[in-house]
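Trainee: Chains as they are written, first to last, in the numbering used here: chain P, 502 to 983; chain C, 1108 to 1600; chain R, 4 to 117.
No lab work stands behind these hints: they were computed from the structure. Source: prediction; values computed, not measured. Beta carbons are placed, not taken as given, at the ideal position from N, Cα and C, and that holds for glycine. Check each hint, because a few of them may be wrong.
[To be verified] Taking beta-carbon pairs under 7 Å as the criterion, some of the chain C residues facing chain R (in silico): (1) Ala1346; (2) Arg1357; (3) Ser1415; (4) Thr1450; (5) Ala1451; (6) Pro1525.
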Amino acid sequence: MEYEAVIGIETHVELATASKMFCGCPAQFGADPNTNVCPVCLGLPGALPVPNEQAIEWIVAIGLALDCEIAHRSQFHRKNYFYADQPKNYQISQFDVPVCSGGRLDIEVAGVVSRVRINRVHMEEDTGKMIHVGGGGRIKDADHSLLDFNRSGVPLVEIVTEPDLSSPQQARAFAQELQTIVLALGVSDAKLEEGSMRFDGNVSIRPKGTQEMGTKVEVKNMNSFRSLERALAYEIERQTAALEAGEQVLQETRHWDEGAGVTGGMRSKEESSDYRYFPEPDLVPIEINDTRREAIRNALPELPAARRLRWAALGIDPASIAVLVAGGSDLAGVFDGAVAAGADPKTVANWLTGEVTAFLRRELVDLGATPLTGGYLFELERLYAAGDLSSTAAKQVLVGVLAGEGSPAEVAEERDLIQISDTGALATEIDRVLAEHPAAYQRLKEGDPKVVGFLVGQVMKVTAGKADPKVVSTMLRQKAED
Amino acid sequence: MSSPADLTLAEASAGLRGGKLSARELLEATFDRASLTEAELHAYLTIDHENARAAAAAADEAQANGLWVGPLHGIPVAIKDNMVTAALQTTAGSQILAGYVPPYDATAVTALKSAGAIIVGKTNLDEFAMGSSTENSGYGPSANPWDTTRVPGGSSGGSAAAVAAGSAMIALGSDTGGSIRQPASLCGVVGMKPTYGLVSRYGLIAFASSLDQIGPISRTVEDAAATLEVIAGHDPLDATSYRGEYPRYRSLLGEGVSGLRVGVVAELSGAGIHPEVLSAFRSAVDSLAEGGAIVSEVSLPSMEYALSAYYLIAPAECSANLARFDGVRYGLRVDGATVEEMTARTRAAGFGPEVTRRILLGTYALSAGYYDAFYGQAQKVRTLVIQDFTRAYEGVDVLVSPTSPITAFELGSRTEDPLSMYLVDVCTIPSNLAGTPGISVPVGIDGAGLPIGFQIMAPALGEEVLFRVAAEVERASAWNNRRPPMVEADHGV
Amino acid sequence: MGRRVCMESVRGAPTIGGMAIDIDIAYVARLARIDLSDEELERIGRQLGGILEHAALVQQLPTEGVEPTSHPLPMVNAFRPDRVVPPLERDTALTQAPQAEDGYFRVPPTLEAE
Ligand SMILES: [Zn+2]
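The shape of chain P in the complex, shown without the other chains (with noise of 0.2 Å):
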């Protein structure tokens, strides 16, 4: 028998607020453990929470993105279970009223593309964090356990799926389109491998062409869009197996191992799904009328599939695009500040996607904390467009920009890369040259266009490559005509 999947996917991100969901702690990442702690994010006996108003704006703004409905009345519940991570052993989120419901994404597998319906996104807020200690640091081995609370109360907003993808490569692209959005409308670092962005697939397969769904199997731990793909495909091929071989297939958590390829089976825990959710009375009723949503609305970016259409309508070619948007809105922005002023943007693409994505991802930095501007990136072109530049120096100028070393002219002079391009004084460099290879001259006045590269070579060569070689060609052309 034919099988096929059914794939739901439930997404976490982190908001990249200031301060904490419910306390003014700061929400950072990588502090000391213990040190972005305060009675509310502790659960000390007496403190209340009070909610970040940024982070009820950005959840509205990816509800309005993901084309959700957003509710005029919203309400916080308290979800009840005993984690030790957890300090108040509930956790403030959203049950039957959540702030945003209804909404899609499409996304795009080799060339097909595909509705991906929006369930509900909801407001709640993360947990601390638990290191085993022992064991290999396995649960089930460990000797004891030590707790860092820094994450607890930073805003997590969840975005749930309806069971609309069928294959892992849809659930990766879903999720990398969602990423994109995310960091279009600059919410949140989205960094899958310091769990900023985090999925969760929920998985099941039935026989193809029948409607009734299997049984459903949660999958987490995945730290990337390889190994998002990689479990879901392992996870299909396991419950098929498990069919094929008349087993049932359990409903269960199962946490995925990168090193091992495989999904294992969780202890599950006994009355997990009993949540006792109930309105959480220390907080009242979110209200978002109809001009406050309008004015989010009003104020959100350009987002990743409008991008794509007016870079494709420049010229630039899909991959550059998909990197280009990837990058989000510090990307589009010095990019689109660029050709605004007038660059050519196939250069400009070029440059983003090229130089400019390999510094950052080597210097493990956000482009938004390099002085490169648009109008940086403008001056840049344009000292390349001029002949001032070559093309091997407008990219060693751009690494200096980035790197902090002034303006791309600045830079330029600097690091000495300037080309002379002036006719007068490569006239003289030139005549030397040809005094120093007389037979090579008396070979171009015969018209052997072979030696023109070496001479080029021989200019380049005594000008310490500042020369423009285009320049030298074709005046080294003429003096053969002379």
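On the provided structure of chain P, position chains C and R with the ligand as indicated by the hints.
Mentor: Using the frame of chain P, we list chains C and R with the ligand on its own:
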């Protein structure tokens, strides 16, 4: 010579301002009174001699320099031990918080300190404020100053007993289902629950968040109003804090009740109320009528369901609020092989029987399959209670009833039957469900010499009219700051 | 599994919708993470039966079309601006911990993965 410990806030302030009394003298008199009464009363869990003395010395010095800190300058105040105090042990009456020292002050405590109050110590209570007798304290019960074989009421029993005995001039209590008003009634003092949201709950160890409210316990209506003026106010740290105007609550004291419409709640002033309580209540109602009030009987049919709704809503909220006591970050820990086992053992050892009962009741009421029948239905009944009140206040300015159906009962007499204890709160619970203010004012003494309290209720934010009527009840009752027998000698009567 | 206290035998059978209230008290205690002995469970189960019998009165009031109230006052949109407030010193945060180690709270190992 009477003790300064028996002065009212107004009298003490006048003495302090005029230089006839120092904060130090007042505090020492308060400590002396505690020495005299604590062995029998156990009103306090912690008395903070050292810091209180330092604060009193600072108050005297400030005054010597011409600085009057605020309306509670030099006034000895006690805090119910479910409000956190920085660097001062806070237990909520529970063994699970034995020795717990918080890193911050509750907003209400900060307000008291900024107004110049001297924090005497932390008072006893039913564990996590769950109870009506203070017998559920994890540190032993408090006794009633009028008869030490009887309960002071609860859950703010320690605060009420301390104010009645003079070991505090004023105390803060918290009221979730009557926990300020009922002990005030049983101890013969004034106890007031403000409109929900008027006093910040930040730093109040939550029992039932949608019902909890901090309020004053004092010996006079004026003192209660003056204290509320200090502790009421918007707090950005409490999302349920009221964001409007905060008037001066003493503004209408002494205006009398002529022309005011007073509604006697039929459902709370008949069956189930002890005859002696009812008789004192009726006399007080008559005195209001004599003072020119227009008295009528008002029916609020949902009242008899309020208690049932309360005993679903409050435990449900408490089951979540108390989940944080897990042995991980603070408080008691009983070891276990796993963190799950450690938490389960810690909670079994740390919570007393009533708290355990309520956590389980609330967990059950919220659990899969029962939510709609219990918690969901209780929330709808809550709506009906609010609607009943709203309708009633269209015809009257205030509603009145006895505060407690009975006077102080014998220690140990009701602990075996939880339901009989719950019934003690029948008159006070409706105001908590509606979030509206209520006050208990002493109006008489029963045959056994035990105080009887009179409850006045007002619409949300109706504190001014509430205090106005309360002041008239106080004036007409000739209660005249009557003191319990155990302190009469010291009082100099 | 669990200790079921069927209320039919206790205090006149409280009901919801005509069905006897059935409390799996051991399950409830596990949800609430309180380690109670069988005797304690039995006793509390009976007491809860009595309380629930009274509490079940709420079902007698007709509430069709009545909205539930989770908040006594009609407030909305109480927010705080996204501003950082200095956190606690780590020593202060850890000072009340039953066990701490290297700046972390320390607990026994966990049975359950999240
Ligand atoms: Zn915090």
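Trainee: Hint by hint, note whether the structure agrees.
Mentor: Each hint, compared with the structure:
no.	hint	in the structure
1	Ala1346	holds, 4 Å
2	Arg1357	violated, 24 Å
3	Ser1415	holds, 4 Å
4	Thr1450	holds, 5 Å
5	Ala1451	holds, 4 Å
6	Pro1525	holds, 6 Å
When each numbered hint is compared with the structure, a violation occurs for hint 2 only.
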